Structure formats: C-alpha cells, structure tokens
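Protein chains in written order, with the numbering used here: chain L, 5 to 192; chain X, 5 to 192.
These are calculated hints, taken from the structure and not from any lab test. There may be inaccurate statements among the hints.
When chains are identical, the list treats them as one kind, so a pair holds in a single copy or across two.
What the hints assert, rightly or not - Computed list of lysine-lysine pairs in DSS-like fashion (alpha-carbon distance at most 25 Å, straight line):
no. : residue 1 : residue 2
1   : K120      : K179
2   : K120      : K55
3   : K176      : K73
4   : K169      : K120
Since the structure is predicted, the reported quantities are computational estimates derived from the model, not experimental observations.
Protein chains: 2
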Amino acid sequence: MPRIVVLRWGHRPQRDTRLTTHVALTARALGASGIILSDIEDRKIRETVNKLTRQWGGRFFFEMGTPWKEAVRNWRSTGGIVVHLTAYGENIEGSNVLEDIRGSMRDVMVIVGSQKVPREFFSEDISDFNVAIGNQPHSECASLAIFLYCLSEGKTLARSYQGAKIRIIPQKRGKKVVENKRFLSDDG
Amino acid sequence: MPRIVVLRWGHRPQRDTRLTTHVALTARALGASGIILSDIEDRKIRETVNKLTRQWGGRFFFEMGTPWKEAVRNWRSTGGIVVHLTAYGENIEGSNVLEDIRGSMRDVMVIVGSQKVPREFFSEDISDFNVAIGNQPHSECASLAIFLYCLSEGKTLARSYQGAKIRIIPQKRGKKVVENKRFLSDDG
Chain L
5 MPRIVVLRWG
15 HRPQRDTRLT
25 THVALTARAL
35 GASGIILSDI
45 EDRKIRETVN
55 KLTRQWGGRF
65 FFEMGTPWKE
75 AVRNWRSTGG
85 IVVHLTAYGE
95 NIEGSNVLED
105 IRGSMRDVMV
115 IVGSQKVPRE
125 FFSEDISDFN
135 VAIGNQPHSE
145 CASLAIFLYC
155 LSEGKTLARS
165 YQGAKIRIIP
175 QKRGKKVVEN
185 KRFLSDDG
Chain X
5 MPRIVVLRWG
15 HRPQRDTRLT
25 THVALTARAL
35 GASGIILSDI
45 EDRKIRETVN
55 KLTRQWGGRF
65 FFEMGTPWKE
75 AVRNWRSTGG
85 IVVHLTAYGE
95 NIEGSNVLED
105 IRGSMRDVMV
115 IVGSQKVPRE
125 FFSEDISDFN
135 VAIGNQPHSE
145 CASLAIFLYC
155 LSEGKTLARS
165 YQGAKIRIIP
175 QKRGKKVVEN
185 KRFLSDDG
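Generate the whole structure from the sequences, applying the supplied hints.
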C-alpha cells in the first residue's frame, strides 16, 4: 500500500470543528498515516484526535499550521503525487482515474477542501489528479471515506492497530469491547 | 436496486447542523430516496437540502419529527429491512454481511446514529443487521457513504438527476458547469 497523507484545507475553527474532526478520524480509520490541517491551528481537534489514537492504537500524526503550498511542495519533493478531491473532477465511476492513481505506485497526498478552494488546486502545479466522488455536491468527509476505501479496495477496514488499549470485537448483536490491561497500565 | 431510506437519529440542532446536512447530502448523492430526521425538527437543514435538490435535480424527500420507533415500524410493515450502522457491528470487510443484505433483495432503511444510541437499536426487534464500516471510531457520514457506495457497487455515483437546473461536466482540470435554461426559467 502507498503511504497516504490527508491535507485539510480551509478549516474554520468553531464552525468546522466537528466536521474536521470527522475528516481526521475517517483518514485514520481508512488507512492514512496522518493529517495536515493547513494554514491554521486548532489545538482542540488535535487533542481529540491524538487522545483517540492513544486509546485505539496505531500511528497517526496530526500536523497543523503549515501553509498549504509548503505542505504540497514538500510532499512533491519526496516523489509523492497529489489528489485533489472535488465534485468538478473526474468521476471515479465512469473514468479510469482510480486505476491511474493506483498504477502510479506512488505515495498519495489527498487534498480535502471546503466549498470555495483556490483555483490553483486544479492546476498541474498543485494536483496530479482532480477526483470526483460523483459530480453531485455532498460532503468532503464522505468523499474522503469513499476515495480511501476504493484506493485500498477496502483492506484497511480490517487491519489491526498496534498498541491499542481498547478494541471492538465485531458482533451481530450488542457491543463487545476488549481492554488491553497491559497497555492500559502503561498509561495509568 | 432496492429503495433506500436513511434514518438520522440523535440530531442536536446547532451542534449537529453541518454534520446532519452532510449526512443528508451524502444520502442523496449515493442513491437514497430520502432521509428521516427522527424525533426532532430542523427547518434550516430541510430548507438547505430541499433547495439543493431543486437545483441539482432528482427526487429526494426530507421528513422530520417522526418518532424513530414509528418510522422503523412503518418501514418494516412494508417488508423493508433495517440496517443499523455501528462500529460494534459486523465489519463489512471480513464478513458476508453486505452479501447477505444484497441477497435479501429487500428495501433498506439505514439507521445512522450518533455516539450513544438506544440499546434497542442492536436488538432483533429493530435491526436486521448491525453493520460496521470497520471497527474503529470515525464518522457516521463516512460510514453512510461507504455503506451506500458498497450496496450499489458504486453505480449510483454515475447516475443522472432528472430535472436538474445545474450539473457538472467532469473534467481533469478546472470547473465546467452546465445550466439547464428550460428548468431554470421554470423557477424564475
């Protein structure tokens, strides 16, 4: 699997708190290595996400405040490609864009914007692919989820998380949770 | 394709406005016939969703205020099944739950809750299936998106919307939007 990093652009504190938190948790649950909240800081979200990662395991970084141009430039300089998720892009259904991205065998930065993104996001200077999860307006959280699901062909949904203090045992009925006493005691 | 209706449970006005709006738009874009906001009314969200449907086409109903038990009872009385999306349920990756749902050939109500749902949601009286989009905590919006995507095997993302006043022509670069003058003039 390629390494995947999500860049969240256009976050507005307060107004977007819950949505950006959902975007970050979706990135984590669907196999991304981390998220960059560009151009702005939001310590509350970082705390929520990092706390959840400590409990539920695995590695997931939360970076914030980096200017988006710098984040993209750094990523591209390491050979990674950039996918901009936008309702205006090539529809994953009815185009080969997913196959082209997978075929590149490169690491992927996924840019997730909000309603009005800078025009530059669409240009070759920034994005290698403009990808639409359908061409109807809906949700950046939904788009990210489906894109990451498709990229891994669903495999990331079944992976295990190293060092988890808590995990769910899937069941047909009811809730079953196992706590890992060893890791729990590490943390008090 | 079966008829799909989403039941959004536990919406809190203000706090959940944007997230519930995203859940509704995701339902619409991924092929649901409509959404029921149970137990509560939120006219602002209904207005946003209905306005978007008038512009972007297709049929999509927004019902609100119906007690969840009543909505589930009505649905079941017409022969539909109920799928409760929950991180505690059977993981779509590594179980046959999706095949079982598709194999039932029945219409599907999808219950999308928030953090703490009534215990009854897990029981046979309410849900036919408890389905997890992975067993990690993330987002009801992401879960709904992936579930609907899988149920239709992606096909709903390419469908056309009857009577659309505006639609996007997918492109590799930039934005291309077509306005349907005939439908535009119908509405002034």
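Now the hints, each set against the structure:
Only between protomers do K120 and K179 lie at most 25 Å apart by alpha-carbon distance; the minimum there is 12 Å, versus 41 Å within a single protomer. In this assembly of identical chains, the alpha carbons of K120 and K55 lie at most 25 Å apart only when taken from different copies (19 Å versus 31 Å within one copy). In this assembly of identical chains, the alpha carbons of K176 and K73 lie at most 25 Å apart only when taken from different copies (21 Å versus 46 Å within one copy). For the identical chains of this complex, K169 and K120 are inter-copy neighbours only, at 20 Å across copies versus 40 Å inside a copy, given an alpha-carbon limit of 25 Å.
Going down the numbered hints, you'll see the structure goes against none, and every one checks out.
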